[in-house]
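Heads up, the sequence shown is in full-length UniProt numbering, so the first residue is 1 and it goes up one at a time.
Don't take every hint at face value.
Below 20 Å or equal to it, Euclidean Cα-Cα: the simulated EDC-like pairs (lysine to aspartate or glutamate) are [what the hints assert, rightly or not]:
id	residue 1	residue 2
1	64	33
2	64	88
3	64	106
4	64	48
DEER-style ranges, computed between Cβ atoms [stated by the list, open to error]:
id	residue 1	residue 2	range
5	16	44	38 to 44 Å
6	45	67	24 to 30 Å
7	93	3	48 to 54 Å
Treat the hints as calculated values from the structure; they're not laboratory data. Don't be surprised by glycine CBs; every beta carbon is placed ideally from N, CA and C.
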Amino acid sequence: MKAVMLKAMALFGAFMLLSLLTGVVADIRSFDETRGGYEPPYAGFTGEPIDWRRLDRGPQGFVKRGHVIDVLVHCGTGMISLSAFGFEWSWRQVSPRALAVHQPREACRQAGYTTRF
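With these hints in hand, go ahead and build the complete structure from the sequences.
Below is the structure:
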């Protein structure tokens with residue numbers, strides 16, 4: 001009986017871990033739904049650029065709420081961070097492609113943030 005219960009709990013744990021990882025990947029991929037246009041002048045991309053008006057606004061920039069993690073764009077520095085369970089990890093700077101395709105600098109200025117990127 002103990003062996004069956006242990007296997008069931010291990011299976012449940014593995015399923016939950018897989019679900020968590022799937023959610024993280026889905027949240028990161030859903031932030032940028034465009035493809036192509038990876039070389040300057042970053043034209044010819046497909047998909048919809050980020051609609052900054054639909055994102056939440058925080059004290060330092062925009063927040064895209066996800067199932068597991070939130071993606072934050074710091075309007076002052078241009079840093080993209082990931083936030084989960086109260087922890088925040090700096091991920092990367094906004095790329096030149098993102099500046100051309102998604103125009104975060106312009107969105108930050110329109111929202112009243114001061115930009116330095």
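Quick rundown of the hints versus the structure:
1. 64 <-> 33: Cα-Cα ~13 Å, so holds.
2. 64 <-> 88: 14 Å, holds
3. 64 <-> 106: OK: residue 64 and residue 106 at ~17 Å, within 20 Å.
4. 64 <-> 48: 15 Å, holds
5. 16 <-> 44: 38 to 44 Å: 41 Å, holds
6. 45 <-> 67: 24 to 30 Å: Taking Cβ atoms as reference, residue 45 and residue 67 lie about 25 Å apart, which means the hint holds.
7. 93 <-> 3: 48 to 54 Å: Because 51 Å falls inside the window, the suggested range holds.
Consistency note: the structure conflicts with none of the earlier hints.
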